[in-house]
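The two chains are supplied separately, each in an independent frame; assemble them into the complex guided by the hints.
These are the residues of each chain, in order.
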Amino acid sequence: MIIGIVIIALIVLFIIGVYNSLVRKRMRVKEAWADIDVQFKRRYDLIPNLVETVKGYASHEKETLEKVIAARTQAMGATGPNKIKAENQLSDTLKTLFAVAENYPQLKANENFLRLQTELVDTADKIQAAQRFYNGTVRDYNIAVQTFPANFIAKIFGFRVEELFEIAEAERENPKVQF
Amino acid sequence: MILYNQADLNVRKTWLLMTLFLVLIIGFGWLFSYLFNESWILIFAVILAVVQSFLSYWNSDKIILSLARAQGPIKKEDDPELYRLVENLSITAGLPLPKIYIIDDPSPNAFATGRDQEHAVICVTKGLLDKLEKVELEGVISHELAHIGNRDILLSSVIVVLVGLISILSHWLLRGMRFGGGRRRSDDNNLGLILMLIGLIAAILAPLAATLLQLAVSRKREFLADASGALLTRYPEGLARALEKISSDPIPLASANQATAHLFISDPLKQQRTNWFSKLWLTHPPVEERIKALRQMSV
Numbered sequence: 001m002i003i004g005i006v007i008i009a010l011i012v013l014f015i016i017g018v019y020n021s022l023v024r025k026r027m028r029v030k031e032a033w034a035d036i037d038v039q040f041k042r043r044y045d046l047i048p049n050l051v052e053t054v055k056g057y058a059s060h061e062k063e064t065l066e067k068v069i070a071a072r073t074q075a076m077g078a079t080g081p082n083k084i085k086a087e088n089q090l091s092d093t094l095k096t097l098f099a100v101a102e103n104y105p106q107l108k109a110n111e112n113f114l115r116l117q118t119e120l121v122d123t124a125d126k127i128q129a130a131q132r133f134y135n136g137t138v139r140d141y142n143i144a145v146q147t148f149p150a151n152f153i154a155k156i157f158g159f160r161v162e163e164l165f166e167i168a169e170a171e172r173e174n175p176k177v178q179f
Numbered sequence: 001m002i003l004y005n006q007a008d009l010n011v012r013k014t015w016l017l018m019t020l021f022l023v024l025i026i027g028f029g030w031l032f033s034y035l036f037n038e039s040w041i042l043i044f045a046v047i048l049a050v051v052q053s054f055l056s057y058w059n060s061d062k063i064i065l066s067l068a069r070a071q072g073p074i075k076k077e078d079d080p081e082l083y084r085l086v087e088n089l090s091i092t093a094g095l096p097l098p099k100i101y102i103i104d105d106p107s108p109n110a111f112a113t114g115r116d117q118e119h120a121v122i123c124v125t126k127g128l129l130d131k132l133e134k135v136e137l138e139g140v141i142s143h144e145l146a147h148i149g150n151r152d153i154l155l156s157s158v159i160v161v162l163v164g165l166i167s168i169l170s171h172w173l174l175r176g177m178r179f180g181g182g183r184r185r186s187d188d189n190n191l192g193l194i195l196m197l198i199g200l201i202a203a204i205l206a207p208l209a210a211t212l213l214q215l216a217v218s219r220k221r222e223f224l225a226d227a228s229g230a231l232l233t234r235y236p237e238g239l240a241r242a243l244e245k246i247s248s249d250p251i252p253l254a255s256a257n258q259a260t261a262h263l264f265i266s267d268p269l270k271q272q273r274t275n276w277f278s279k280l281w282l283t284h285p286p287v288e289e290r291i292k293a294l295r296q297m298s299v
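Those protein sequence lines, which keep their order, are chains R and A.
According to this note's numbering, the first sequence is numbered sequentially starting from 1.
According to this note's numbering, the second sequence is numbered sequentially starting from 1.
Hints in this document: simulated from the structure, not taken from any laboratory.
Take the hints with a grain of salt, since some may be wrong.
[Said to hold, decoys possible] In silico DMTMM-like cross-links for lysine to aspartate or glutamate, where the CA-CA straight-line distance does not exceed 20 angstroms: (1) R:Lys-41 with R:Asp-140; (2) R:Lys-85 with R:Asp-35; (3) R:Lys-83 with R:Asp-37; (4) R:Lys-41 with R:Asp-122; (5) R:Lys-25 with A:Asp-8; (6) A:Lys-76 with R:Asp-122; (7) R:Lys-95 with R:Asp-45; (8) R:Lys-108 with R:Asp-122; (9) A:Lys-75 with R:Asp-37; (10) A:Lys-134 with A:Asp-78; (11) A:Lys-76 with R:Glu-61; (12) A:Lys-76 with R:Glu-119; (13) A:Lys-126 with A:Glu-244; (14) A:Lys-134 with R:Glu-119; (15) R:Lys-41 with R:Glu-52; (16) R:Lys-41 with R:Glu-111; (17) A:Lys-75 with R:Glu-119; (18) A:Lys-134 with R:Asp-122; (19) R:Lys-55 with R:Asp-45; (20) A:Lys-134 with R:Asp-125; (21) R:Lys-41 with A:Asp-116; (22) A:Lys-13 with A:Asp-116; (23) A:Lys-76 with R:Glu-111; (24) R:Lys-155 with R:Glu-166; (25) R:Lys-95 with R:Glu-61; (26) A:Lys-62 with A:Asp-8.
Here chain A stands alone, though its shape is the one from the complex (with noise of 0.2 angstroms):
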């Protein structure tokens, strides 16, 4: 009950989610076509808007598995044990079967990713596979397949897509910024007033890829994905003892970086936080709250 009230939820932020960039691109796409009086600005940013929406929703799985260097998706014949747990746990979910890859990196790690149930894709590392045993395995797969059900897959990937495309509008706006410095002498006072304007923006859209990524690891929706997971396996030791091992881990994994990091089971980067700012940044619950968390449970 609670939990398909989460995935109405979940869609309907999504929704919301790129409309709000829809009209954040084409916005500043006027802006800036109004103040250089050039339509083609206007016209891009819209083709633009269009294009990332699409992207975020089609093809944002397809953009992380690629990202993430996972090869796939497996055959029962690959690996018969793994396939056999990830169709017997879905069945248990109601789920229909997700594909499976795999990517070849000894860190111990997992995500799904996906745009809905029928679309859904588990992704494991093989030093997942090597270094869990088989309860662990299970409580880490109903984690993942929790995150499905739950469509936080949906979220969680858009997401990775809009904070790359922010990064990637800041990037041309720093040099942009850069650029007209340059000129500076040689133009019209207008240009003072865009300079504060590109600046103004930045400022915006820095926060706002950190609010981003906040929402996107929400501690509820791990506890969640956890609780739900445990109820799937009647066995919430598993996932505990499976996150202990998974955290205490020192190898970060190689293909994982910040805008991807949320979308783990647990932070692949393995860093450490100290001061304020970089906590901001904090992509996931602290592993210790997790476990007691899941210790506490009874099933």
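Pulled out of the complex, with its shape left as it was, chain R reads as follows (with noise of 0.2 angstroms):
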């Protein structure tokens, strides 16, 4: 009877364990996505102001300003797995736009070009950055999640699979420079 008791409790000690460990890897998954999220932010604001500028010194290229803007609309609005690829959409057009942008000396020389340029690329460089820091802890949460034997108290308490943030194909090959 006693022996029961204190298996029982033992039990239910262990579940407990393991759920509050399974909320706090959790919660990390959370709080580094919210770090990704500032750095989209920071895209999103400098966006406008390097469309402005650009603007005034290649006028022809209106089809490619457009589609940064477009992009940018588009992953400001987008949520869950989209948001991912509405990002790396974005990123390309931003690319193929600093791409152009060397067509025009007198773009390349304006200052103000020049400072968003170096945010811009810092930028990506901390979305980068603190996309592995996420990569990292979905690792680790995922792996919490599918061993046993946390995998059965996972599934009753709903706790599913995140997803990893890939990086687009495109973004992981060097760019071909064509002369």
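This is how it looks when you write it as structure tokens:
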């Protein structure tokens, strides 16, 4: 009788322990995502300025500029897994814009443009840094959710596997420069 | 997972150490006040113990920074490149941005201090910024960030203050012994006993300081910081090359001393150790071993 109670108590304690550790790990994932979000927001804030500056020098590149604006709008509205795709899309359009800017020496000499370019490149680095930290926390969390015996407890309380933040294929390769 | 455990262990070690010192100093105070039959010695010891505990917890970073003659914290405009580098690596590590200080010295070296992640400081010398390439600098900064994440900085900063206190105490004791020696003729036979006790205490204190320094730089922690730093950059070769450059640089760091040496990424005093006694005071694991371990890492 007493042994039975002790065993049940131990099992309950174990479940509480596992549950709490899962909650903590999920919290870390959320915090890490918030860190990426901060950098996304910084990028949204920088883009209108950039577009205005480029407009002044390269009015022919209307199409490229519109693509950047559209990608920004889409990224701002996107949520969940779509967010990652939209942000990668935005990165690509920005890259195209900077590549186009190479053709305008006056634009390239503009101090404001240079500052914005440095800021945006830095933001891209920070997004990558935040994303690596995020992936690390997701990996820890996913391992915790999937390993025995925690996976039963995870299933009961609805802890689901989180998605890793994958960099777009295009971004991983070095851009080819053609002359 | 392992790193979280390491952090807890370091915090526990620090508290244990500080309690030990509190007890030790108050114990000495009690002993002396009993022997001399003067209660003010005990009161003085209690005050000293409490003050040093607060000092070592709250102010060790400030003491260390002023000892090292570090200037800062720098702002983004002062050195945007270094600032961004630290910013990006701390984002990767998931740590709040530490303050950045600079020592105006041509000897390349770096250390981290502070009581926790929110009050962390990374300090680099001008020589480090001048002599290292970006990937190497990234290696060094991520090593220091690993120390911050592991909470090594609290333990090693507290140790600086405690070792300083020990050296002050033993200095006093030695002076007291000389003072007592001069009075030997006119005093009673209690003095002989007291002198013996003082000698005993000095004998206890000296190796204690040495042990503390050993504790501060247990090889495991340097290797661990190297490894987790390399995991941050995914490029162990960067830190390996940086260590080579730093250790082969012949200029010692002017503002480093025996009490702060263990904080730095590589021995700032550039001492040649030959006999067993000086090896006792070795503050860093051999650089060759660390470089070898880094080159064998696969990330």
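Status of each hint after checking the structure:
A hinted pair counts as satisfied when its Cα atoms are at most 20 angstroms apart, and Lys-41 (chain R) with Asp-140 (chain R) does not qualify at roughly 26 angstroms. Distance check on the hinted pair: Lys-85 (chain R) and Asp-35 (chain R) sit about 18 angstroms apart at the alpha-carbon level, within 20 angstroms; holds. Proposed proximity of Lys-83 (chain R) and Asp-37 (chain R) is supported: the alpha carbons are some 10 angstroms apart, at most 20 angstroms. For the given pair, Lys-41 (chain R) sits about 13 angstroms from Asp-122 (chain R) by alpha-carbon distance, which is consistent with the 20 angstroms threshold.
Note on Lys-25 (chain R) and Asp-8 (chain A): the hinted pairing holds, with a Cα-Cα distance of about 17 angstroms set against a maximum of 20 angstroms. A threshold of 20 angstroms between alpha carbons decides the hint, and for Lys-76 (chain A) with Asp-122 (chain R) the separation of about 13 angstroms falls inside it, so the pair holds. Pair hint Lys-95 (chain R) plus Asp-45 (chain R) holds up; C-alpha atoms about 17 angstroms apart against a cutoff of 20 angstroms. Taken as a hint, the Lys-108 (chain R) and Asp-122 (chain R) pair is honoured in the structure, with Cα atoms around 17 angstroms apart against an allowance of 20 angstroms.
For the given pair, Lys-75 (chain A) sits about 24 angstroms from Asp-37 (chain R) by alpha-carbon distance, which is inconsistent with the 20 angstroms threshold. Proposed proximity of Lys-134 (chain A) and Asp-78 (chain A) is supported: the alpha carbons are some 17 angstroms apart, at most 20 angstroms. With a C-alpha separation of about 33 angstroms, the suggested pairing of Lys-76 (chain A) with Glu-61 (chain R) is violated against the 20 angstroms cut-off. Simply put, Lys-76 (chain A) and Glu-119 (chain R) have alpha-carbon atoms about 12 angstroms apart, close enough for the 20 angstroms limit, and the pair holds.
Under the criterion of a C-alpha separation no larger than 20 angstroms, the hint pairing Lys-126 (chain A) with Glu-244 (chain A) is consistent with the structure, at around 17 angstroms. In summary, the hint linking Lys-134 (chain A) to Glu-119 (chain R) is supported, as the alpha carbons are separated by about 19 angstroms, within the 20 angstroms threshold. For the suggested pair Lys-41 (chain R) and Glu-52 (chain R), the alpha carbons sit about 18 angstroms apart, so the restraint of at most 20 angstroms is met. Between Lys-41 (chain R) and Glu-111 (chain R) the alpha-carbon distance is near 23 angstroms, which puts this suggested pair outside the 20 angstroms criterion.
Taken as a hint, the Lys-75 (chain A) and Glu-119 (chain R) pair is honoured in the structure, with Cα atoms around 16 angstroms apart against an allowance of 20 angstroms. Between Lys-134 (chain A) and Asp-122 (chain R), the direct Cα distance comes to roughly 15 angstroms. Compliance with the 20 angstroms bound is thereby established for this hinted pair. At most 20 angstroms may separate the alpha-carbon atoms for a hinted pair to count; Lys-55 (chain R) and Asp-45 (chain R) meet this at roughly 17 angstroms. Restraint check for Lys-134 (chain A) and Asp-125 (chain R): the C-alpha separation of about 15 angstroms stays at or below 20 angstroms, so the hint holds.
Distance restraint check for Lys-41 (chain R) and Asp-116 (chain A): the Cα-Cα separation of roughly 28 angstroms exceeds the 20 angstroms cut-off, and the hinted pair is therefore not satisfied. At most 20 angstroms may separate the alpha-carbon atoms for a hinted pair to count; Lys-13 (chain A) and Asp-116 (chain A) meet this at roughly 14 angstroms. Among the hinted pairs, Lys-76 (chain A) with Glu-111 (chain R) is consistent with the structure: their alpha-carbon atoms are about 18 angstroms apart, no more than 20 angstroms. A threshold of 20 angstroms between alpha carbons decides the hint, and for Lys-155 (chain R) with Glu-166 (chain R) the separation of about 25 angstroms lies outside it, so the pair is violated.
Annotation: proposed proximity of Lys-95 (chain R) to Glu-61 (chain R) holds, straight-line Cα distance about 14 angstroms (limit 20 angstroms). The straight-line distance between the Cα atoms of Lys-62 (chain A) and Asp-8 (chain A) is roughly 23 angstroms, outside the 20 angstroms bound, and the hint therefore fails.
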